[in-house]
Amino acid sequence: MAATKHPPHNASRTKPESAGKRLLREHKEVAVRSWRRLWLSPLANLLTWLTLAIAITLPASLLLLLSQAQHLGQQLNQEHQMSVFLVPHATLEQGQLLSQEILARPDIANVTYISAAQALASFKTNSGLADILGSLTDNPLPATLLIAPENTAQTPQAMSQLTQQLRQLTLVDQVLVNMAWLDRLHAILAASQRVTYSLAFLLALGVLLVVGNTVRLQIESRKQEILVIKLVGGTDAYLRRPFLYAGFWAGLFAALLAWIIIQLGVSYLHEPLLQLAQSYQSPWQLQGLGWVGSLMLLATSCSLSLLGASLAVGRQLRLIEPQ
Amino acid sequence: MIEFQQVSKSYHDKHALVSANFHLQRGDMAFLTGHSGAGKSTLLKLIMLMERPTSGKVIVDRQDLSQLSRTQVPAHRRKIGLVFQNHQLLLDYSVFDNVALPLKISGYNERDSSRRVRAALDKVGLLDKEKLSPSVLSSGEQQRIGIARAIVNKPKLILADEPTGNLDPALSAEVMRLFQQFNQVGVSVLIASHDLNLIQRLPHPVIQLNQGQLSGPFAMAGH
Ligand SMILES: Nc1ncnc2c1ncn2[C@@H]1O[C@H](COP(=O)(O)OP(=O)(O)OP(=O)(O)O)[C@@H](O)[C@H]1O
Ligand SMILES: [Mg+2]
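Residue numbers (the numbering used here), protein chains in the order written: chain A, 1 to 323; chain B, 1001 to 1223.
It should be emphasised that the hints constitute simulated quantities derived from the structure, not laboratory data.
Don't take every hint at face value.
[Stated by the list, open to error] DSSO-like mimics (lysine-lysine), calculated; alpha carbons at most 30 angstroms apart, straight line:
no., chain 1, residue 1, chain 2, residue 2
1, A, Lys28, B, Lys1104
2, B, Lys1154, A, Lys223
3, A, Lys28, B, Lys1131
4, B, Lys1131, B, Lys1079
5, A, Lys223, B, Lys1129
6, B, Lys1131, A, Lys223
7, B, Lys1156, A, Lys223
8, A, Lys28, B, Lys1079
9, B, Lys1156, B, Lys1045
10, B, Lys1014, A, Lys223
11, A, Lys28, B, Lys1129
12, A, Lys223, B, Lys1079
13, B, Lys1131, B, Lys1014
14, B, Lys1154, B, Lys1045
15, A, Lys21, B, Lys1131
16, B, Lys1079, B, Lys1123
17, B, Lys1079, B, Lys1104
18, B, Lys1079, B, Lys1156
19, A, Lys223, B, Lys1045
20, B, Lys1154, A, Lys21
21, B, Lys1079, A, Lys21
22, A, Lys223, A, Lys28
23, B, Lys1156, A, Lys21
24, A, Lys223, B, Lys1104
25, B, Lys1045, B, Lys1104
26, A, Lys21, B, Lys1104
Make a model of the complete structure from these sequences and hints.
Structure below.
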């Protein structure tokens, strides 16, 4: 018999993969398979994603509003912050002279002089009380200096020092610092920030629980499969993978839905907030989530869901042991 | 291949296995028999590390199983092909995917995997059923699919718990012939079975279990 040479056993096999390549291929397979599994029960999944999306939308939109309200606060800071009312008998020349003196100070950025007549005219047009005011013989309004301190002089101490010094001037009747409402705005913002952070913390916990529970139910429904895989020697890492991917997909879809809800909300609120800002002569307008905001939303949602899934999956898989 | 040294297993007050000693050599095939509740499944579970012994030492393939931690259990199980009485096939997987499962968890790529699955299905004579769901197969066919899954990874050791429990005598004999074929190519085989009629006609040693006590040719005197 002619001795045919047998090829070595391995010749018919493909080249051995490197460990990294194999892991990559396995991950790709699981990702695809868990993606397909999503569409086996699309409605149930959609409801879960919506639940997650709402839980994410609330704190995310509050954070968005807050960060932009802080912008608004900063912008308003640069507006005139002091109104100095002159004594009634101060003449036009005296007022203008005073205004130049004050402007010469190193801690003052800008001074606008508004004469008593100008003040009355603008009050008449803006208040709608022209008739009543017209019947007055005397102008009840004083001349006013609107003073904007330099940015460096805007600390509370510097401001109160400046106020003291201005009050001592003979021509000055009253000094009004428009700081009070700014302080209030900052206090409100600080309080809202804490409320938002607490809410974000609670709702993040909610996301963990929702994803954890969903994964727990998925594991429960695939118990038989898990038992058999454990018996033929599947590792924990192998068993965990499809559920982690399920968690990741849930986070991804929740982020997409939340993004849509937030952008819709922003376009809904844009118009009335724009008008509000314009009534304060502010160029401020509500912006949607930019690139950075969107990516942060995506990353937060995905990592929260992944965390929720991995917490649940570790615990739950240990409970299923072949008997 | 398998060595039990003074192995006992108790569930609460129930002694399922008492001071069992035996040694199954590499390449041997043996039967494990005994009345219901004698401890056959318990003995197999100890080998699979589905249970840990209350006392004594189990050695499989020169590895003392008590040394294995939880994370090392999967690798141990991959060395063993396990056949169940109730086949344990996944009904939402195709026949092909059921058999491919042990390969998939070992990270075989598609090509190597399907080659091996087809070879295993061919060996049990069910190559033409690969696309079906196991639920439409007869119990004999399901049992053979279970066997194909157990051998697809070319294990050194096959354990079977009542592999012929649901089968008629002709099918049972056929399944036993399959195990003998694997044994002939060097695989060690241990089969738990009630079926004394069948066992006695085959030329393999029989380990007797009675109330958790071992007797028969493999049993070594307890100390
Ligand atoms: N998880 C458990 N908890 C309590 N007792 C158990 C457990 N598993 C087995 N037993 C007991 O241990 C004894 C041996 O059980 P085992 O399943 O090994 O018997 P068996 O020989 O396989 O019986 P059968 O032929 O009916 O399958 C039985 O009395 C059983 O009730
Ligand atoms: Mg049993």
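These are the hints, each one checked on the structure:
1. As the CA atoms of Lys28 of chain A and Lys1104 of chain B are separated by approximately 13 angstroms, the hinted pair is consistent with the 30 angstroms bound.
2. At most 30 angstroms may separate the alpha-carbon atoms for a hinted pair to count; Lys1154 of chain B and Lys223 of chain A meet this at roughly 26 angstroms.
3. Between Lys28 of chain A and Lys1131 of chain B the alpha-carbon distance is near 24 angstroms, which keeps this suggested pair within the 30 angstroms criterion.
4. The suggested pairing of Lys1131 of chain B with Lys1079 of chain B holds, with an alpha-carbon distance near 27 angstroms, which does not exceed 30 angstroms.
5. Taken as a hint, the Lys223 of chain A and Lys1129 of chain B pair is honoured in the structure, with Cα atoms around 26 angstroms apart against an allowance of 30 angstroms.
6. Restraint check for Lys1131 of chain B and Lys223 of chain A: the C-alpha separation of about 23 angstroms stays at or below 30 angstroms, so the hint holds.
7. Taking the CA atoms of Lys1156 of chain B and Lys223 of chain A, the gap is near 28 angstroms; set against the 30 angstroms cutoff, the hint holds.
8. A hinted pair counts as satisfied when its Cα atoms are at most 30 angstroms apart, and Lys28 of chain A with Lys1079 of chain B qualifies at roughly 26 angstroms.
9. Among the hinted pairs, Lys1156 of chain B with Lys1045 of chain B is consistent with the structure: their alpha-carbon atoms are about 17 angstroms apart, no more than 30 angstroms.
10. A C-alpha spacing of about 28 angstroms is found between Lys1014 of chain B and Lys223 of chain A, which places the hinted pair at or below 30 angstroms, so the restraint holds.
11. Among the hinted pairs, Lys28 of chain A with Lys1129 of chain B is consistent with the structure: their alpha-carbon atoms are about 28 angstroms apart, no more than 30 angstroms.
12. The hinted pair formed by Lys223 of chain A and Lys1079 of chain B meets the criterion: a straight-line CA distance of about 23 angstroms does not exceed 30 angstroms.
13. With a C-alpha separation of about 45 angstroms, the suggested pair Lys1131 of chain B and Lys1014 of chain B falls outside the 30 angstroms cut-off, and the hint is violated.
14. Distance hint between Lys1154 of chain B and Lys1045 of chain B is fulfilled; the C-alpha atoms sit about 20 angstroms from each other, no more than 30 angstroms.
15. A C-alpha spacing of about 29 angstroms is found between Lys21 of chain A and Lys1131 of chain B, which places the hinted pair at or below 30 angstroms, so the restraint holds.
16. Straight-line distance between C-alpha atoms of Lys1079 of chain B and Lys1123 of chain B comes to about 20 angstroms, which keeps the hinted pair within the 30 angstroms bound.
17. For the given pair, Lys1079 of chain B sits about 15 angstroms from Lys1104 of chain B by alpha-carbon distance, which is consistent with the 30 angstroms threshold.
18. For the given pair, Lys1079 of chain B sits about 6 angstroms from Lys1156 of chain B by alpha-carbon distance, which is consistent with the 30 angstroms threshold.
19. Proximity of Lys223 of chain A to Lys1045 of chain B is assessed by CA-CA distance (about 19 angstroms); at most 30 angstroms being required, the pair is judged to hold.
20. Simply put, Lys1154 of chain B and Lys21 of chain A have alpha-carbon atoms about 24 angstroms apart, close enough for the 30 angstroms limit, and the pair holds.
21. About 24 angstroms separates the Cα atoms of Lys1079 of chain B and Lys21 of chain A, which keeps this hinted pair within 30 angstroms; it holds.
22. Distance restraint check for Lys223 of chain A and Lys28 of chain A: the Cα-Cα separation of roughly 23 angstroms lies within the 30 angstroms cut-off, and the hinted pair is therefore satisfied.
23. About 28 angstroms separates the Cα atoms of Lys1156 of chain B and Lys21 of chain A, which keeps this hinted pair within 30 angstroms; it holds.
24. A hinted pair counts as satisfied when its Cα atoms are at most 30 angstroms apart, and Lys223 of chain A with Lys1104 of chain B qualifies at roughly 18 angstroms.
25. Taking the CA atoms of Lys1045 of chain B and Lys1104 of chain B, the gap is near 23 angstroms; set against the 30 angstroms cutoff, the hint holds.
26. Taken as a hint, the Lys21 of chain A and Lys1104 of chain B pair is honoured in the structure, with Cα atoms around 15 angstroms apart against an allowance of 30 angstroms.
Of the numbered hints listed earlier, the single one contradicted by the structure is hint 13.
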